[in-house]
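**Q** Numbers given in the numbering used here equal positions in the sequence shown, counted from 1, plus 72.
Since the hints were derived computationally from the structure, they do not count as laboratory data.
Be aware that one or more of the hints could be misleading.
[Claimed, not checked] Subject to a maximum C-alpha distance of 16 angstroms in a straight line, what follows is the list of computed EDC-like cross-link-like pairs (lysine to aspartate or glutamate):
hint, residue 1, residue 2
1, Lys219, Asp88
2, Lys206, Asp157
3, Lys160, Asp82
[As the list claims (entries may be wrong)] Pair by pair, the computed Cβ-Cβ distance ranges are:
hint, residue 1, residue 2, range
4, Thr80, Trp186, 40 to 50 angstroms
5, Ser101, Leu244, 38 to 48 angstroms
6, Gln242, Leu124, 35 to 45 angstroms
7, Leu165, Val259, 16 to 26 angstroms
8, Lys97, Leu124, 29 to 39 angstroms
9, Leu244, Leu118, 22 to 32 angstroms
10, Asn127, Ala256, 28 to 38 angstroms
11, Phe246, Phe176, 13 to 23 angstroms
12, Leu253, Phe176, 12 to 22 angstroms
C-beta atoms are modelled at their ideal positions from N, C-alpha and C, and glycine is treated no differently.
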Amino acid sequence: MPKFTFQTADRLFWHDKIMAATVLKLIPSWILPYHVTMLRFLATPLVVVLMLKENYLWGLLAFLVVAFTDAVDGSLARIRNQITDWGKIYDPLADKILIGSMVFIIVLRYIDLWTAMLIMTIEIAIIAAGWIRKRHGLVIQANIWGKIKMLLQVLGVVMLLLSIIFNIEQILPFAHGTFYLAIAFAVVSLLTYGI
73 MPKFTFQTAD
83 RLFWHDKIMA
93 ATVLKLIPSW
103 ILPYHVTMLR
113 FLATPLVVVL
123 MLKENYLWGL
133 LAFLVVAFTD
143 AVDGSLARIR
153 NQITDWGKIY
163 DPLADKILIG
173 SMVFIIVLRY
183 IDLWTAMLIM
193 TIEIAIIAAG
203 WIRKRHGLVI
213 QANIWGKIKM
223 LLQVLGVVML
233 LLSIIFNIEQ
243 ILPFAHGTFY
253 LAIAFAVVSL
263 LTYGI
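Start from the sequences, fold in the hints, and give me the full structure.
**A** Structure below.
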């Protein structure tokens with residue numbers, strides 16, 4: 073196990089208390105937030121394979137479970153005061169790999185090239201901003217805008233997959249709009265990163 077210096081949470085988000093009263097009670101104390109982040113890294117290829125094989129129903133279920141681990145590891149770290157510099161870097165990276173995979177596999181195919189490229193460009197900019205801040209010794213911290221962005225991206229993927237699975241074209245404009253709303257929140261997140 074890597075050596076971590078645990079830090080105390082500066083603040084809790086609205087969902088942390090809900091998670092603490094429900095899901096986190098089921099997680100044994102020996103499971104650390106980085107275990108959950110590593111699970112997301114390891115499970116994302118399963119989601120990718122299901123999507124590439126166009127097994128969208130199982131892919132949707134796997135995607136939801138893997139995306140939910142993002143809420144779990146963050147809340148676990150803040151509630152248990154187990155925040156680490158490792159988690160501040162690799163938790164968002166795991167999210168971006170999951171969402172980026174979905175962008176390349178389904179957004180590019182079912183929405184359009186420009187939406188996919190815009191999402192990926194902003195995600196890469198957020199990663200670069202995080203690395204630059206870390207390199208200059210500045211604090212990297214999740215912000216509410218990034219959390220909303222991730223939630224909207226997950227919602228966009230879910231709507232897109234439901235549209236594909238059940239052949240409901242009327243959902244596509246809502247998925248498209250949700251991705252553009254996520255892009256707006258991503259820009260705000262980038263501009264306020266670390267605040």
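**Q** Now, for every hint given, state plainly whether the structure supports it.
**A** Hints versus structure:
As the CA atoms of Lys219 and Asp88 are separated by approximately 12 angstroms, the hinted pair is consistent with the 16 angstroms bound. Distance restraint check for Lys206 and Asp157: the Cα-Cα separation of roughly 9 angstroms lies within the 16 angstroms cut-off, and the hinted pair is therefore satisfied. Between Lys160 and Asp82 the CA atoms are separated by roughly 13 angstroms; this keeps the pair inside 16 angstroms, and the hint holds. Taking the beta carbon of each, Thr80 and Trp186 are about 42 angstroms apart, inside 40 to 50 angstroms as hinted.
As the Cβ distance of Ser101 to Leu244 is approximately 44 angstroms, the hint placing it in 38 to 48 angstroms holds. Take Gln242 and Leu124: their Cβ atoms lie about 26 angstroms apart, and the range 35 to 45 angstroms is violated. The beta-carbon spacing between Leu165 and Val259, approximately 19 angstroms, falls within the hinted interval of 16 to 26 angstroms. Checked against the hint of 29 to 39 angstroms, the pair Lys97 and Leu124 passes, with Cβ atoms roughly 36 angstroms apart.
Between Leu244 and Leu118 the C-beta distance comes to about 26 angstroms, which sits within the given range of 22 to 32 angstroms. Taken as a hint, the range 28 to 38 angstroms holds for the pair Asn127 and Ala256, whose Cβ atoms sit roughly 32 angstroms apart. In this structure the supplied range 13 to 23 angstroms holds for Phe246 paired with Phe176, their Cβ-Cβ distance being about 21 angstroms. Separation of Leu253 from Phe176 is about 20 angstroms and conforms to the stated range, judged on CB atoms against 12 to 22 angstroms.
Against the hints set out earlier in the document, a violation occurs for number 6 only.
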